[in-house]
Structures are given as structure tokens and as C-alpha cells.
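Trainee: All chains should be built: construct the whole structure from the sequences, respecting the hints.
The residues making up each chain are set out below.
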Amino acid sequence: EVQLLESGGGLVQPGGSLRLSCAASGFTFSHYAMSWVRQAPGKGLEWISGFSAGGGGAFYADSVKGRFTISRDNSNNTLYLQMNSLRAEDTAVYYCAKGAGHWLVFDSWGHGTLVTVSS
Amino acid sequence: DIQMTQSPSSLSASVGDGVTITCRASQSISKSLVWYQQKPGEAPNLLIYAASSLQSGAPSRFSGSGSGTDFTLTISRLQPEDFATYYCQQTYSPPPTFGQGTKLEIK
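First to last, the protein sequences are chains A and B.
Be aware that the first sequence starts at -19, since it is given in the working numbering, and climbs by one per residue.
Be aware that the second sequence starts at 64, since it is given in the working numbering, and climbs by one per residue.
Among these hints, one or two may not hold up.
The calculated lysine-lysine pairs, modelled on DSS-like cross-linking and capped at a C-alpha distance of 30 Å, are [as the list claims (entries may be wrong)]:
1. Lys166/B / Lys94/B
2. Lys94/B / Lys23/A
3. Lys45/A / Lys23/A
4. Lys23/A / Lys170/B
5. Lys23/A / Lys166/B
6. Lys45/A / Lys94/B
7. Lys166/B / Lys102/B
8. Lys102/B / Lys23/A
9. Lys170/B / Lys102/B
No lab work stands behind these hints, which were simulated from the structure alone.
Mentor: Okay, structure coming up:
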């Protein structure tokens, strides 16, 4: 069974940094594309970053480009999101999501971790 | 970026009814569209991929259709567990973009 477990969320001041982790199990992590998707309170879904399949490069939404960095440790089956220069509008639940046959189809999601940016 | 527009934003229906949600893309995306269901406090769950293919484990009362710019999600014979928010998402080109969601409520 695929399991994705996010951690690292919390309260951070504007301008601060946070690193999210997503521990994966139940599948061969290195073989699959992975993404981060966020959801602001009461709002819709926004894809923010992901790796394409087969060792492809990283992609970012314009809203986080230059501030967030996605990385992965295939030996430890973990996806990361380093978030710098955080803003109030980054407040959201952050989900990690596993790519399916197509890297932009998300067939498994974690439960999410809440990031609150506030002074 | 490709813009996705869903309608309606909310919908009321009764158990046993059939409903249809539409999704329109700002440019042609072939059949590169998926549908998710999200219940309060939970992560989204993939229902339909490639516009009309049912994801493994999704009930057969869910169906999708469309290509190009116009797509529909149809739920036949609504069950109590179907009352949730539904999102379309294009997979044609990065960044993947979502519709704003359709909240399906019990009448």
C-alpha cells in the first residue's frame, strides 16, 4: 500500500524558512515522479513544484520560483521542500503527491502538513 | 499557463440523483484531464484520468467525457459519500492547473 507522510509544517514568521519532508513507502520511490501541491484555507488546489519521471528535472510554479527548492533522497525514500522567504500567502496545507504513469497525474496523496506564516 | 474553469461552483442534489460538472480549458488539452474528489479534512482522491478512464477503486457511477477544451464529470445515482468537492486538473503541460472546485451538497 502506498503511504506518503508529510512533516515539518508549523508556524513561521514572514521572511522565515521551513523544510517539509515527505516519507514514502509501499512503492519504488526512485521510479516515480513526485510533486508538492498546496491548499490555502478554504481555497482550491495549487501545484507548486515537482520532479518529472525518470530522473527528470525540477519544475516550479511562478508563485514560488526562486524561493522554494524541491529535492529528493532516493536512498531514504524521502521528498523535501525547502521554503525560504515565506510570505503570508504561503499559508496552506502542503501535500506531497505521487505521479502516476503520467507525471502530472497524482494517484496518491499524503495527509498534508499545515504551514502558517504569521507574525 | 492553461486556465481551468469549472461550473457550477456549487451544486445541491439528493441521494439517488444524477449530476454533471463541467470543466473548460483556456486552450485545447486533448484528453489530458483528470478529476479528483476531496472530502473535508482529507487529501484529494483521483477518480478519472485521461478525461474518461476510471481510476482503479473508483465507483463505476463516476464517468468522465470530453476532449479539446470541454469536459464533464457525471455522477449517477448519488450516494451519501459522494457529497464532496470535485476538482478538474489539466495534465497537458506544466504547470498543472486546477479548476476552482465544485462543492456538491445534499439538498
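Trainee: Work down the list of hints and note, for each, if the structure agrees.
Mentor: Now the hints, each set against the structure:
1. Lys166/B / Lys94/B: 24 Å, holds
2. Lys94/B / Lys23/A: OK: Lys94/B and Lys23/A at ~26 Å, within 30 Å.
3. Lys45/A / Lys23/A: Distance ~21 Å between Lys45/A and Lys23/A Cα, so the pair holds.
4. Lys23/A / Lys170/B: Judged against 30 Å, a Cα distance of about 23 Å means the pair holds.
5. Lys23/A / Lys166/B: Holds. Lys23/A to Lys166/B sits at ~12 Å (cutoff 30 Å).
6. Lys45/A / Lys94/B: 28 Å, holds
7. Lys166/B / Lys102/B: 10 Å, holds
8. Lys102/B / Lys23/A: With a Cα-Cα distance of about 13 Å, the restraint between Lys102/B and Lys23/A holds, given a limit of 30 Å.
9. Lys170/B / Lys102/B: 17 Å, holds
Of the numbered hints listed earlier, not one is contradicted by the structure.
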